[in-house]
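Colleague: Spelled out from the first residue to the last, the chains are:
Number of protein chains: 2
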Amino acid sequence: MLFNEIGIIEQLSRTFLEARLPDGLIAPHFSVLNHLIRVRDGGTPLELARAFQVPKTTMTHTLAGLTKHELVEMRPNPDDARSKQVWLTDKGRKLRDDTIAALGPDFDRVAKAIPADKVATILPVLQELRIFLDKDRETSRFP
Amino acid sequence: MLFNEIGIIEQLSRTFLEARLPDGLIAPHFSVLNHLIRVRDGGTPLELARAFQVPKTTMTHTLAGLTKHELVEMRPNPDDARSKQVWLTDKGRKLRDDTIAALGPDFDRVAKAIPADKVATILPVLQELRIFLDKDRETSRFP
DNA sequence: ACTATATAGTTCGATATCGCACTAATGGAG
DNA sequence: CTCCATTAGTGCGATATCGAACTATATAGT
Numbered sequence: 001m002l003f004n005e006i007g008i009i010e011q012l013s014r015t016f017l018e019a020r021l022p023d024g025l026i027a028p029h030f031s032v033l034n035h036l037i038r039v040r041d042g043g044t045p046l047e048l049a050r051a052f053q054v055p056k057t058t059m060t061h062t063l064a065g066l067t068k069h070e071l072v073e074m075r076p077n078p079d080d081a082r083s084k085q086v087w088l089t090d091k092g093r094k095l096r097d098d099t100i101a102a103l104g105p106d107f108d109r110v111a112k113a114i115p116a117d118k119v120a121t122i123l124p125v126l127q128e129l130r131i132f133l134d135k136d137r138e139t140s141r142f143p
Numbered sequence: 144m145l146f147n148e149i150g151i152i153e154q155l156s157r158t159f160l161e162a163r164l165p166d167g168l169i170a171p172h173f174s175v176l177n178h179l180i181r182v183r184d185g186g187t188p189l190e191l192a193r194a195f196q197v198p199k200t201t202m203t204h205t206l207a208g209l210t211k212h213e214l215v216e217m218r219p220n221p222d223d224a225r226s227k228q229v230w231l232t233d234k235g236r237k238l239r240d241d242t243i244a245a246l247g248p249d250f251d252r253v254a255k256a257i258p259a260d261k262v263a264t265i266l267p268v269l270q271e272l273r274i275f276l277d278k279d280r281e282t283s284r285f286p
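Quick note, the sequences are listed as chains A and B, same order. Our numbering applies: residue 1 is where the first sequence begins, and numbers increase by one. Our numbering applies: residue 144 is where the second sequence begins, and numbers increase by one.
Errors might be hidden in some of the hints.
Once the Cα atoms are required to be at most 30 angstroms apart in a straight line, the calculated DSSO-like pairs of lysine-lysine come out as [unchecked claim]:
(1) B:Lys261 with A:Lys112
(2) A:Lys118 with B:Lys255
(3) B:Lys261 with A:Lys118
(4) B:Lys199 with B:Lys227
(5) B:Lys255 with A:Lys135
(6) A:Lys118 with B:Lys278
(7) B:Lys261 with A:Lys135
No lab work stands behind these hints, which were simulated from the structure alone.
Please build the complete structure, drawing on both the sequences and the hints.
Modeller: Put into structure tokens, the structure is as follows:
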């Protein structure tokens, strides 16, 4: 039931987000932009793939899309010639900020329906679950 | 942050599940089988699409995959000639049960890491959130 | 009963996702 | 230093996802 609810909420939130995104961009594009701002940019594609738990080929594809729209810039990684760095462009920053702004009313409605303290209650548990699953995946390396 | 965590958990749980599924079947296939058992079979494709909040074209495709593997059966809906009914086959029931069994050890590890009462705490909030988002989507029918 | 609108499902084309296999570069062992 | 296992990223093919447009049927308004 837990994972069921999570799957449906993921689907719903994706639909909400994509309704606010310009044509040609979908949720993963925004998620990456958001991550680059919230955490830091300049990291490698593989770091991003790990952060979102997607295969690296998927991240290559997503970054190609972002690059095509000039929202990020790929530079060679000076520390490792195999590797690259992902940097935000001004356009990328702006798009992310504009999207957040456009989502404002949506968030407001959610916040009115589900008070922040309720969210604050479940967030740590979700984080704990996410961290556990992540570790368990490496550990049990299932057969 | 909330939706971020949910997105990552969805991704992780999908990977866990798919590691236990036979070749050619992915998470949405299992989710539908599971729903048909947990709720009921004999419903229409559109009901399923709504339950999972996916576009109906996606559900058509998923059901085609399940039909090809003979895990479900599509019958005409006697009450509405436009419509169909989705019924489980014995093979479908068995596959779902086998998969649940195969997931047992995974669930055990999760249960040990995150006690059931913690899950019980967050589940109602997630349900509330899901129900709200669902209603809001219809209501605000965003422009 | 007749017409207009709405609904269930499919088809089609564009893009996304992912596993597999590959190349290039790295880093550790001898 | 050399070899070799490992790692970062990409190319490719198969399947998945989704929006737009379409067909067939149902239902509402008159």
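Colleague: Hints first: check each against the structure and report whether it holds.
Modeller: Taking the hints in turn, this is what the structure says about them:
{"no.": "1", "hint": "B:Lys261 with A:Lys112", "in the structure": "holds, 24 angstroms"}
{"no.": "2", "hint": "A:Lys118 with B:Lys255", "in the structure": "holds, 24 angstroms"}
{"no.": "3", "hint": "B:Lys261 with A:Lys118", "in the structure": "holds, 14 angstroms"}
{"no.": "4", "hint": "B:Lys199 with B:Lys227", "in the structure": "holds, 13 angstroms"}
{"no.": "5", "hint": "B:Lys255 with A:Lys135", "in the structure": "holds, 14 angstroms"}
{"no.": "6", "hint": "A:Lys118 with B:Lys278", "in the structure": "holds, 19 angstroms"}
{"no.": "7", "hint": "B:Lys261 with A:Lys135", "in the structure": "holds, 19 angstroms"}
Of the numbered hints given earlier, the model fails none.
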